[in-house]
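All chains, full assembly: derive it from the sequences and hints.
2 protein chains.
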Amino acid sequence: MPFSAMLEEYRQRIRAELDRAVGFWLENSHDGQHGGFFNCVGKDGSVYDELKYVWLQGRQVWMYCRLYRTVERFRRPEILEAAKAGGTFLRRHARVPSSGGPEKCAFCLTRDGRAVKVQRTIFSECFYVMAMDELARVTGDEERQTEAEKMMDQLVHWARVDPSGLGRPAMPGDPPVNSMAVPMMLLCLVGQLSEGRTSLARKYGEVAGWCVQQILQHVQRDGTAILENVSAEGKELPGCQGRLQNPGHALEAGWFLLQYAQERGDVALQKTSIEKFMEVPFKTGWDKEHGGLFYFLDVDGHCPTQLEWSMKLWWPHCEALIAFLMAYRHTRDPAMLERFGKIYDYTFSHFSDSVHGEWFGYLTQQGQVALDFKGGPFKGCFHVPRCLLMCEQLLDSLLDEK
Amino acid sequence: MPFSAMLEEYRQRIRAELDRAVGFWLENSHDGQHGGFFNCVGKDGSVYDELKYVWLQGRQVWMYCRLYRTVERFRRPEILEAAKAGGTFLRRHARVPSSGGPEKCAFCLTRDGRAVKVQRTIFSECFYVMAMDELARVTGDEERQTEAEKMMDQLVHWARVDPSGLGRPAMPGDPPVNSMAVPMMLLCLVGQLSEGRTSLARKYGEVAGWCVQQILQHVQRDGTAILENVSAEGKELPGCQGRLQNPGHALEAGWFLLQYAQERGDVALQKTSIEKFMEVPFKTGWDKEHGGLFYFLDVDGHCPTQLEWSMKLWWPHCEALIAFLMAYRHTRDPAMLERFGKIYDYTFSHFSDSVHGEWFGYLTQQGQVALDFKGGPFKGCFHVPRCLLMCEQLLDSLLDEK
Chain A
2 MPFSAMLEEY
12 RQRIRAELDR
22 AVGFWLENSH
32 DGQHGGFFNC
42 VGKDGSVYDE
52 LKYVWLQGRQ
62 VWMYCRLYRT
72 VERFRRPEIL
82 EAAKAGGTFL
92 RRHARVPSSG
102 GPEKCAFCLT
112 RDGRAVKVQR
122 TIFSECFYVM
132 AMDELARVTG
142 DEERQTEAEK
152 MMDQLVHWAR
162 VDPSGLGRPA
172 MPGDPPVNSM
182 AVPMMLLCLV
192 GQLSEGRTSL
202 ARKYGEVAGW
212 CVQQILQHVQ
222 RDGTAILENV
232 SAEGKELPGC
242 QGRLQNPGHA
252 LEAGWFLLQY
262 AQERGDVALQ
272 KTSIEKFMEV
282 PFKTGWDKEH
292 GGLFYFLDVD
302 GHCPTQLEWS
312 MKLWWPHCEA
322 LIAFLMAYRH
332 TRDPAMLERF
342 GKIYDYTFSH
352 FSDSVHGEWF
362 GYLTQQGQVA
372 LDFKGGPFKG
382 CFHVPRCLLM
392 CEQLLDSLLD
402 EK
Chain B
2 MPFSAMLEEY
12 RQRIRAELDR
22 AVGFWLENSH
32 DGQHGGFFNC
42 VGKDGSVYDE
52 LKYVWLQGRQ
62 VWMYCRLYRT
72 VERFRRPEIL
82 EAAKAGGTFL
92 RRHARVPSSG
102 GPEKCAFCLT
112 RDGRAVKVQR
122 TIFSECFYVM
132 AMDELARVTG
142 DEERQTEAEK
152 MMDQLVHWAR
162 VDPSGLGRPA
172 MPGDPPVNSM
182 AVPMMLLCLV
192 GQLSEGRTSL
202 ARKYGEVAGW
212 CVQQILQHVQ
222 RDGTAILENV
232 SAEGKELPGC
242 QGRLQNPGHA
252 LEAGWFLLQY
262 AQERGDVALQ
272 KTSIEKFMEV
282 PFKTGWDKEH
292 GGLFYFLDVD
302 GHCPTQLEWS
312 MKLWWPHCEA
322 LIAFLMAYRH
332 TRDPAMLERF
342 GKIYDYTFSH
352 FSDSVHGEWF
362 GYLTQQGQVA
372 LDFKGGPFKG
382 CFHVPRCLLM
392 CEQLLDSLLD
402 EK
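Top to bottom, those sequences are chains A and B. The numbering of the first sequence is our numbering, which starts it at 2 and goes up by one. The numbering of the second sequence is our numbering, which starts it at 2 and goes up by one.
It cannot be assumed that every hint is accurate.
Note that identical chains are pooled: a pair holds if it fits in a single copy or bridges any two copies.
[What the hints assert, rightly or not] Derived pair list, reagent style DSSO-like, types lysine-lysine, alpha-carbon separation capped at 30 Å:
#1 Lys-118 <-> Lys-236
#2 Lys-44 <-> Lys-236
#3 Lys-284 <-> Lys-236
#4 Lys-118 <-> Lys-289
#5 Lys-151 <-> Lys-204
#6 Lys-204 <-> Lys-118
#7 Lys-289 <-> Lys-44
#8 Lys-343 <-> Lys-85
#9 Lys-85 <-> Lys-151
#10 Lys-343 <-> Lys-284
#11 Lys-289 <-> Lys-85
Rather than coming from a laboratory, the hints here were simulated on the basis of the structure.
See the structure below:
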């Protein structure tokens, strides 16, 4: 097949999948009564639990706004209205000031917005920032942007100055850890807030640099492994925690870094992002027997203690697709496109549901569907459409250049 | 095969498995330097992480003492000494008074005893009680018994009067729930503390009655389902939480109840314990396609959101073996022995490791070993030897009577 025909074929399938995925959420997840979104949605779209997870509420608001803002065919009133209703629901209910700080958000809410659970981490708040900032961009509502910034400053304070507001008691046997998720998320948020805004890019420039340094500390063992948790000084930690590898997370960090490095023209970081954060986790994380990316691995080959370690989850595959297509666009190295093709073949033949649309989220190691819902406490309208949107846009730019 | 020959065959295999299991922990888990036990032990006995989990420390102390106290061939100094060293380690390090109450215990400690994590539940403390009480019984040390009682009173206070000392903030969307684990564990502890002690049986008699009533509230849907979580008033809860079934837990509750009902000569409760807490979860929980008990199920047939729902775990099978052999001894109903035989065949052919001894803990739905360690954060020297010990003793009494 001629080269551009292959890219065109990818684009067509990806565009169709994106339309189906967005259609699935538009049809099945809106709560017309209370605003916000049903998250627990079965394989056929039926709601099997009415709880609302704040990570997923924020992510869906962000996704809808981003689609509305950047893709002509999604500039539809129903998408904007649902995003605004989701934003209102979040602003009204997500923050639970009593629990550990003025800006702490719940993890989970009842359908009508009463707090069910609060996590002692920063992630509900991170997705709150994403939602508010993208909402500000489509509505022009500056209050939302101010709110996003204020929460961002709180996040930076928790991550860099004093985490005590998160409510986790300090434990003598549990010194501070540099966990990949934190600098990754903050770097992602800096990108979100800074896009097209010189003053904010300046304001958060130092934070971004710190995030990059924190992420780079996870390159361990002479560059042969990306470890999920390292010490605050960037050294390997003892035991299972220290040996943990999360290939999907490393790949996601890879494209965050590549995007950042491209914006700044940082050639060394571009190289590192691909060689260390894409090639290494793909090599170590790909299941040579059954295909697909493992969820967790132990760098010394011990069995991880997470029961789901060998399962194939949708989101690492989403992140891998973005990573290698972005790497290909950046380098034009055919090996990158080959990786993309390999992941694409596995992903579209295993995760995509040809009957009801959207993707299954959880497969056994052998590739059978193990949990058949489309939405659950950790899967919503986010990784699949973000991946498809970004891949479509990357393919657009590759095909436009031809 | 003549009937008694079959029972004898079971007994011989079970006795041999118990010797191998105990031998495995004696050989591989003792920390001669700091006392206590290594919990993270690979398939061949090698230690892959030095963290010490308080649930498992307490359980191993209890198990060693119970073996020492009740089985002639385990009345060995090395078992007693290891149990005492484990008890000393627990007393020295488990309690972390700063976090939520004077008696709160950590969930996880470093090898040398520094607290790593505290759960906002009662279970570390429950296993602390079991350890101290059984230690008091073998050593005659009354201080340990006093300590067990004092912690028990704290547990009852948390469970029945005021849970705020556990450190979980009350959430408006999360009203109090009757979760099966709590009354089950407290009933187990009442049995532990009361054995052969009239005054304590009297002291905790009312608590035991409360536990039984709380457990019986989990019989739902006209007696066709045991649900893991119900409201404080004993009603079904909405959503996934309310529809959750945990067959292994129900079966464990079943033999706790049967034991309690036998001691009191409560015929109605004996019947309920077998018909509702054994027959129902076995019927709903057994995988008719691949064999084995599912870990979680949704009573309406939705897919559970726990990623491991379809896996086969060792401990539900341990509890099922105890439950049906106890039910058989109680009723002499051949159907009970048939169930035991079916679970026995699956368990011994799938979980037992003929190479290194002890059992694997986690199988795929299809019955392949998914995690190959013998000890991990939630698997230690407890369910396997407790099951084998109790089954051996039940078979002894059945064969003695012939």
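Taking the hints in turn, this is what the structure says about them:
1. Lys-118 <-> Lys-236: Result: close only across copies, 21 Å inter versus 33 Å intra.
2. Lys-44 <-> Lys-236: between (43 Å within a copy, 28 Å between copies)
3. Lys-284 <-> Lys-236: within (23 Å within a copy, 51 Å between copies)
4. Lys-118 <-> Lys-289: neither (39 Å within a copy, 36 Å between copies)
5. Lys-151 <-> Lys-204: within (13 Å within a copy, 56 Å between copies)
6. Lys-204 <-> Lys-118: neither (33 Å within a copy, 36 Å between copies)
7. Lys-289 <-> Lys-44: Both ways: Lys-289 and Lys-44 sit 29 Å apart in one copy and 23 Å across, limit 30 Å.
8. Lys-343 <-> Lys-85: neither (38 Å within a copy, 57 Å between copies)
9. Lys-85 <-> Lys-151: within (20 Å within a copy, 54 Å between copies)
10. Lys-343 <-> Lys-284: So Lys-343 and Lys-284 pass the 30 Å test inside one copy only (12 Å; across, 43 Å).
11. Lys-289 <-> Lys-85: So Lys-289 and Lys-85 fail the 30 Å test inside a copy (45 Å) and across (48 Å) alike.
The structure is inconsistent with the numbered hints 4, 6, 8 and 11, although it conforms to all the rest.
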